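Build the full structure now, drawing on both the sequences and the hints.
Residue strings, one per chain:
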Amino acid sequence: KAGVTQTPRYLIKTRGQQVTLSCSPISGHRSVSWYQQTPGQGLQFLFEYFSETQRNKGNFPGRFSGRQFSNSRSEMNVSTLELGDSALYLCASSWKGSDEQFFGPGTRLTVL
Amino acid sequence: AQSVTQLGSHVSVSEGALVLLRCNYSSSVPPYLFWYVQYPNQGLQLLLKYTTGATLVKGINGFEAEFKKSETSFHLTKPSAHMSDAAEYFCAVSKMNSGGYQKVTFGTGTKLQVIP
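Residue numbers (the numbering used here), protein chains in the order written: chain A, 1 to 112; chain X, 1 to 116.
Hints listed in this document are in silico derivations from the structure and should not be mistaken for laboratory results. Heads up, a few of these hints could be off.
[As the list claims (entries may be wrong)] Restricting the straight-line Cα-Cα distance to at most 27 Å, the calculated cross-link-like pairs of lysine-lysine (DSS-like) are: (1) K111(X) with K95(X); (2) K68(X) with K58(X); (3) K69(X) with K13(A); (4) K49(X) with K96(A); (5) K111(X) with K49(X); (6) K95(X) with K96(A); (7) K95(X) with K68(X); (8) K95(X) with K69(X); (9) K95(X) with K58(X); (10) K69(X) with K96(A); (11) K69(X) with K49(X); (12) K57(A) with K13(A); (13) K57(A) with K95(X); (14) K111(X) with K58(X); (15) K49(X) with K57(A); (16) K58(X) with K69(X); (17) K49(X) with K95(X); (18) K57(A) with K96(A); (19) K68(X) with K96(A).
[As the list claims (entries may be wrong)] Residues from chain X that face chain A, not an exhaustive set, calculated with beta carbons under 8 Å: (20) F34; (21) Y39; (22) Q42; (23) K49; (24) K103; (25) V104; (26) G109.
For clarity, every value in this text was computed on a predicted model and none was experimentally measured. Beta carbons are placed, not taken as given, at the ideal position from N, Cα and C, and that holds for glycine.
Given below as structure tokens:
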């Protein structure tokens with residue numbers, strides 16, 4: 001079956017703009033988690049959605065938000081972009097959230 | 001307190017040598033434990049996982065890990081390193097959070113360098 005897909009794969013934005021990233025999980029998976037990965041901070045958890053409800057949240061400012069649709073597809077939004085938001089954003093899906101996570105290839109966001 | 005700790009952000013081994021990547025977790029109940037690998041410019045891929053049962057878990061690419069409850073450890077090993085093993089490795093633990101939901105927490109990662 002198809003894996004986790006993320007769009008777009010690469011994105012360049014300027015400071016102050018906002019961005020929306022999309023994630024399509026593996027069919028049948030109800031949990032979608034988002035991570036930010038940077039060389040300095042490593043892999044950091046943003047939030048997890050399960051059946052359209054945010055179930056877990058990391059320590060990120062309110063500029064970072066997300067949502068999940070009834071078909072389990074998820075989007076994350078970052079408003080008022082800062083240079084430090086440049087990162088690889090990874091999406092992972094799983095059946096119930098506590099089990100094996102299947103990762104997408106990521107979206108590389110560059111903020112200029 | 002950290003849920004999962006990986007000792008050593010960088011590990012170098014010679015090709016053919018033993019690979020040992022360390023992971024310790026903190027949990028009052030047996031958690032689910034995972035090892036993931038990430039190759040450059042890719043997402044993470046599951047190497048192996050421990051849920052219940054046999055404490056020695058075998059994964060892909062010749063890797064294995066042993067769950068040791070008394071030591072709260074889940075170290076990753078491979079008898080003989082190959083050049084293609086050069087990547088970043090993440091240990092992860094799934095445990096209940098304060099909200100009553102299971103949450104997966106990743107370690108900070110260990111970059112493995114294989115020297116020819």
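Structure-based check of each hint:
1. K111(X) with K95(X): Holds - the C-alpha atoms of K95(X) and K111(X) are around 25 Å apart, at most 27 Å.
2. K68(X) with K58(X): holds (15 Å)
3. K69(X) with K13(A): The hint is violated at about 47 Å.
4. K49(X) with K96(A): Judged against 27 Å, a Cα distance of about 15 Å means the pair holds.
5. K111(X) with K49(X): holds (19 Å)
6. K95(X) with K96(A): Holds, at about 13 Å.
7. K95(X) with K68(X): holds (17 Å)
8. K95(X) with K69(X): With a Cα-Cα distance of about 15 Å, the restraint between K95(X) and K69(X) holds, given a limit of 27 Å.
9. K95(X) with K58(X): Within the cut-off at roughly 22 Å; holds.
10. K69(X) with K96(A): holds (25 Å)
11. K69(X) with K49(X): Given that 27 Å is the threshold and the Cα spacing comes to 15 Å, the pair holds.
12. K57(A) with K13(A): holds (25 Å)
13. K57(A) with K95(X): holds (14 Å)
14. K111(X) with K58(X): holds (21 Å)
15. K49(X) with K57(A): It holds: about 24 Å lies between the C-alpha atoms, which stays within 27 Å.
16. K58(X) with K69(X): Satisfied, since the Cα-Cα distance of roughly 17 Å is no more than 27 Å.
17. K49(X) with K95(X): Answer holds: K49(X) to K95(X) is near 14 Å, not above 27 Å.
18. K57(A) with K96(A): holds (16 Å)
19. K68(X) with K96(A): With a Cα-Cα distance of about 25 Å, the restraint between K68(X) and K96(A) holds, given a limit of 27 Å.
20. F34: Nearest chain A Cβ about 7 Å off; hint holds.
21. Y39: With a minimum Cβ separation of about 11 Å from chain A (threshold 8 Å), the hint on Y39(X) is violated.
22. Q42: With a minimum Cβ separation of about 6 Å from chain A (threshold 8 Å), the hint on Q42(X) holds.
23. K49: Since chain A brings a Cβ to about 6 Å from K49(X), closer than 8 Å, the hint holds.
24. K103: Since the shortest Cβ distance to chain A is 5 Å, the answer is holds.
25. V104: With Cβ-Cβ at 6 Å, under 8 Å, it holds.
26. G109: Hint holds; G109(X) Cβ to chain A Cβ min 6 Å, cut 8 Å.
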